[in-house]
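Protein chains: 2
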Amino acid sequence: MRFDVVGLGVSTVDLIFTVDELPGREVVQRAGESVIAGGGPVATALVTLARLGAATSMLDSIGSDFFGSFIQREFTAEGVDTGGLVVAQGRTTSKASILVRKSDGARAITFSPGDAPELTPDEVRVDIIRASKILHLNGRHWDACLHAARLAKEAGVLVSFDGGAHRYTNQHLSILPQVDICIAAHDYAAAFAGTEDVAQAAKALLEAGPCVVVVTQGAAGSRVFSKDGLDFQQQAHRVDRVVDTTGAGDAYHGAFLYGLARGFSLEASASFASAVAALNTRALGGRAALPSLAETEMFLQHPL
Amino acid sequence: MRFDVVGLGVSTVDLIFTVDELPGREVVQRAGESVIAGGGPVATALVTLARLGAATSMLDSIGSDFFGSFIQREFTAEGVDTGGLVVAQGRTTSKASILVRKSDGARAITFSPGDAPELTPDEVRVDIIRASKILHLNGRHWDACLHAARLAKEAGVLVSFDGGAHRYTNQHLSILPQVDICIAAHDYAAAFAGTEDVAQAAKALLEAGPCVVVVTQGAAGSRVFSKDGLDFQQQAHRVDRVVDTTGAGDAYHGAFLYGLARGFSLEASASFASAVAALNTRALGGRAALPSLAETEMFLQHPL
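Protein sequences, first through last, are from chains A and B. For the first sequence, UniProt numbering gives the first residue as 1, with consecutive numbering after it. For the second sequence, UniProt numbering gives the first residue as 1, with consecutive numbering after it.
Pulled out of the complex, with its shape left as it was, chain A reads as follows:
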């Protein structure tokens, strides 16, 4: 089997409730809506790709508990290959309770990382990486992450890195030389480069390794840079009613990689990714409103 994108990261389960108030005191309140949904940046990017029709595979270590089996079943239902998922017997899976205030979308997130061990380098499925066009990482399962990036480089597989908000550590300096495409939150790029200036931060990231750097800024859009001098701003697309921005960034990553895997230009990939991210905010949950390819194309032809 061939894959467009193989991802290596941490899958989680989110239990999301909309509430009238974030509960700062002892209270019993009835939720408005509630959903249980898989989450995790790399995992959601892969589900985004799968909904668009791409072939994907997830490398991760999860627990053998109820949440672990939820993750497996959801990947299977979405068509994400689970051949590289390691199930740690007797261990628990990462999960979170997310309370979303109805009035303004403010979120109180309580997470529990579970006790499944990190994926180890020898658990990384070399054959799956070699069978892929792109490897997508975000620094989780660190040793396996470094190992997978090296394997990918050797095999001519493109390496994509998700620089998440509040996730930058100096450790990442050692992986950036292996990275081809780095899509980073503004916060990540600023922490890396020591400057809030987007262009300067992107330049510093390009010098560290990647050929393409994208800095994402939520509703303010994204800016794309390349080693050969490309620099353009992609506006965020608008939708009728934003319900929940959870997963919008992850959807952007997945859709951008979809564009690259299908040979889109950087401009087309960025516009496509922005559309998919916007469409994903229409429902509660990080993956609830991920669009199909046809839906995205329709939206791009007839934007609001």
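In short, the hints are calculated from the structure, not lab data. Hints are supplied without guarantee of correctness; some may be wrong.
Identical chains share a label here; the pair holds if one copy fits it or two copies do between them.
Under the rule of at most 25 Å between Cα atoms (straight-line distance), these lysine to aspartate or glutamate pairs were calculated in the DMTMM-like manner [to be verified]:
1. K102 / E21
2. K102 / D115
3. K153 / D228
4. K133 / D180
5. K102 / D20
6. K102 / E33
7. K133 / E123
8. K227 / E196
Treat the numbers as computed from the prediction; the structure is a model and nothing was measured.
For chain A, the structure is supplied; the task is to place chain B on it using the hints.
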């Protein structure tokens, strides 16, 4: 198959996290401990009975979602018969996020009732009720509840009613004549009788139908009354460290019924129930520390 106790009520799934603070504002916090656990008063009473070695069966209507299958799996693992569980296809199951503050155990509960329809009278498994010694109810699935109580009376099956805190409604007046054993929270008894006085409230409940009335008061213990004039106070048992009082009342109900089903006196049943309830507070989650029969007997012989 014969059952000691058949229960009719609503099963739920609780996702419980211990936290440093109840989140009254936008925050991302890491939980201390976390557990997923089945809940619901009648369901937890049945699991209490099952742990003690009694034969039990649950009548309920749940969704076909992931939480519904969790409930089925947990009942099966605990040995609670699920032959009378109706699974509503395409519907969701009742669930809750429970944040427990570490410093004082204060709880912020956000619940979502799901959209599985109520169990209907014609879905009540007559054969299971007839094969049981005791039917345990708490007023949920109201029409089915009334119907089941009538069936039980006709068949000479004892009827037990859990009067939960904040659960009293005038509707319950029509079921109390069918009830043999009513174990009520102090709040319920007070709401029913219009008086905070425990003895007066119990007298009013006894006049409405039951032969035995127990009024529970958490850490203040419980007081047992019977139509033939019995009236005694049962002290709450003490454990080394109370972690979570969720489910303590439900455990009391289950264990009290265990005593009755095994022919214990009311005094012995109350002491036994108090011990089981106390032991159940030793761990996070409404069922996590439910004891076996041997453990309970050991505790009663060697209390703190």
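Note to self: When Cα atoms must be at most 25 Å apart, do K133 and E123 count as within-copy, between-copy, both, or neither?
What the structure shows: within (20 Å within a copy, 54 Å between copies)
**Report entry** Copy assignment of K102 with E21, given that the CA separation must stay at most 25 Å
**Finding:** This pair counts as both: shortest intra-copy Cα distance 8 Å, inter-copy 21 Å.
Check: For K102 vs D115, is the C-alpha pair at or below 25 Å within one copy, between two copies, both, or neither?
Finding: between (32 Å within a copy, 20 Å between copies)
Check your understanding: Can you tell me if K133 and D180 fall within 25 Å by alpha carbon in one copy, between copies, both or neither?
Key -> within (12 Å within a copy, 70 Å between copies)
Next on the checklist: For K102 and E33, with the copy left unspecified, which applies at a CA distance of at most 25 Å: within, between, both, or neither?
Outcome noted: Cα proximity of K102 and E33: one copy only (10 Å, versus 27 Å across).
- Query: Is it within a copy, between copies, both, or neither that the alpha carbon of K227 lies no farther than 25 Å from that of E196?
  - Reply: within (20 Å within a copy, 77 Å between copies)
- Task: Please work out whether the CA atoms of K102 and D20 approach to 25 Å or closer within one copy, between two copies, in both situations, or in neither?
- Result: Close inside one copy (6 Å) and across copies (24 Å); limit 25 Å.
Check your understanding: Between K153 and D228, at a C-alpha cutoff of 25 Å, which is it: within one copy, between copies, both, or neither?
Key -> This pair counts as within: shortest intra-copy Cα distance 20 Å, inter-copy 84 Å.
In terms of the numbered hints stated before, the structure departs from none.
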